[in-house]
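**Q** Residue strings, one per chain:
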Amino acid sequence: MMEKLKLAVFELTDCGGCALNILFIYERLFDLLEFYEISEFHMATSLSGENHYDVALITGTVSSQRDLALLKEARNHSDYLIALGTCATHGSVQASVEGSIRKKLEEVYGDKGNPMRALDSKPVVEYVAVDFALPGCPYDKEEIYQVLIDIAKGVEPVRKDYPVCVECKLNEYECVLVKKNLPCLGPITYGGCNAACIRSGLGCIGCRGPLPGEVNPASEYEILKDLGYDEDYIIRKFKTFARWEP
Amino acid sequence: MIIELREFTRVEGNGKAEIVVEDGEVKNVRLKIVEGPRFFELLTLGRHYYDVPDLEARICAICYLSHSVASVMAIERAFGVDVPEEIQLLRELGLIGELLESHALHLYLLVAPDIFGYPDAIRMATKHGELVREGLAIKAFGNRLREIIGGREIHGINVKPGGFGRYPTVEELELFERESGALLKLARRAVRLFASLEPYGEKAEHFVATDGYLWGDKLVSNEEGTFHYTERIEERSLVYSFAKQSHYNGEPFLVGALARLLLKADSLTPMAKRLFEEHREKLATGYVSYNNLAQAIELVYSLERANEIAKTLLDKGLEGENIPIAVREGEGIGYVEAPRGVLIHHYRIDGSGNVFYSNIITPTALNHAMMELSLLREAKRGYGELDECSLIQRLEETVRAFDPCISCSVHIVKL
Ligand code: SF4
Ligand code: SF4
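Sequence lines, in order, name chains A and B.
Using the numbering used here, the letters of the first sequence correspond one by one to residues 1 to 246.
Using the numbering used here, the letters of the second sequence correspond one by one to residues 247 to 661.
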């Protein structure tokens, strides 16, 4: 029998969603376990202590010295490292809060300095090189399933590089930007969620992070301005899941 | 001497503990929340109210819907909006979904391995596959409710001030009715299993919950009538933890499944009530470890109640109308029972609909002091009696009984 790949899940500072989402694969988790052996997964197992992983998934942002040390450990001991979820790929909500860490700590905890050694929240990709980045707050669990199967079969997984709008069209959802004048970020956001929020008749809030390349944030900005949204509102909306200068 | 417990496993988020030993005696325990801070209150400042619930959802994945609903309720109260029964029942269904998903995860995947002596549920599945599958079935149903009511399994944006983006269809309601009935048998089996756990941790003396079963206008405790959190709950910052600690009238207290059962048994559904009566004596001792048993009884409650609600809505038919919101300056508090206990969202909103004050207190922060007390008691009992490995195992189990959600605990604003 083929030797199973050693899989690790590391969680830095985050909401737990990206780690939890792996358990939401349910019964098919057992399919993955045909190829993988879970060597480290804090939330799910008390076993740990391996010193080499074939594939490591990292969720969350680097928000403390502890996170940074853990990230470096993980990078040093893994062959294939995946930044999983928008926290890890773009910083997500906690990294979008403006201001210096000192100021923020003071505002929230009172004047106590920084005894726990907090850092300004940043995505994993700003500290280490990653082999694959899968955004989403949280990512779509079908996608990680496919990525892990691909890797196990020796195929390099493909990154989706089209906007959410494409998935709206495929699903034939009515465009909420045009039809309901809702502030939808679908045109400038990484697709891959199957247009989950537009399915509910609501605008995309950009949880998969800004799509670089051919998309045009400036024109999205103009559209929203024409719809009557004020500048401050639009900028904040753009910057919810990533520090981003539109 | 200080014994360091490495980071806890099989809990959500990152935390650890230190046991302080002097002259061969356990003197103190510090529960350290090492998860980095997440600054949600700052994130919401200056934001338009409509976008706030979607941001607050990101506080925690296991109970995102509790955060959305608490947030939406605080906003509606600030604007003086009352939503009709239909919207309330649908929100309740979502919260029930969350309770099922969260309790099933905790009981079957995180605690059960302790009972059978495995490091995790995956390895436990080799011998007890049936049990793991039963847990996954309940969890999947809970998530199905969250997906349909909340918009996604995790961080959906369907719950909005005044109503929903999309309302469930008749087929979906029928599915809720059918499945909830079918799963009841499994939940009853879980009650038997978790009733066999021995007591450990501290005996809680003060319990706090919302005045309704899954949400309320105010809080209640075992000592007095209803009150607002600002009257009796006080938060303190700690130098060794990113989470603050709360006290009720200056004392540690317990929120969560056990507190709910003990304070609000009258509102239970028939079968859940019978099971509660059967185990009342045990539960009333207040040992925090009985929180596990209380959660199992709540699985039964949730399934029965989901069934009732689906039936009611099917009989009445859904209107699917949102309530319009008129923006005005105001202040509102949303009190919700997240799976782990009382969750508080408190906002002040200005005349253009932007939030300018926000305070959020999560169950894990409320339980923090009680958790430390429980660890201290177990450490005192076990130190010198148990070898270090068993002692640490016991301490982990003690923390686990609270089902702490560490991610949510780390961003409490100063008062
Ligand atoms: S990306 Fe979103 S879902 Fe994932 S851990 Fe971060 S906040 Fe949670
Ligand atoms: S539609 Fe937008 S906000 Fe919704 S899941 Fe997809 S990327 Fe995220």
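Don't read these hints as lab results, they were simulated from the structure.
Built from N, CA and C at the ideal position, the CB exists for glycine as well.
Incorrect hints may appear among the rest.
[Said to hold, decoys possible] Covered by chain B, per the in silico footprint, the following chain A stretches (three or more residues, Cβ under 8 Å): (1) 152 to 165; (2) 218 to 224.
[Unchecked claim] Calculated Cβ distances over 10 Å to all of chain B for the following chain A residues: (3) 44; (4) 67; (5) 119; (6) 169; (7) 205; (8) 213; (9) 233.
**Q** State for each hint whether it applies.
**A** The hints, checked one at a time:
no., hint, result
1, 152 to 165, "violated (count 0)"
2, 218 to 224, "violated (count 0)"
3, 44, "violated, 6 Å"
4, 67, "violated, 6 Å"
5, 119, "violated, 7 Å"
6, 169, "holds, 19 Å"
7, 205, "violated, 6 Å"
8, 213, "holds, 26 Å"
9, 233, "violated, 6 Å"
Hint violations for this structure: numbers 1, 2, 3, 4, 5, 7 and 9, all remaining hints satisfied.
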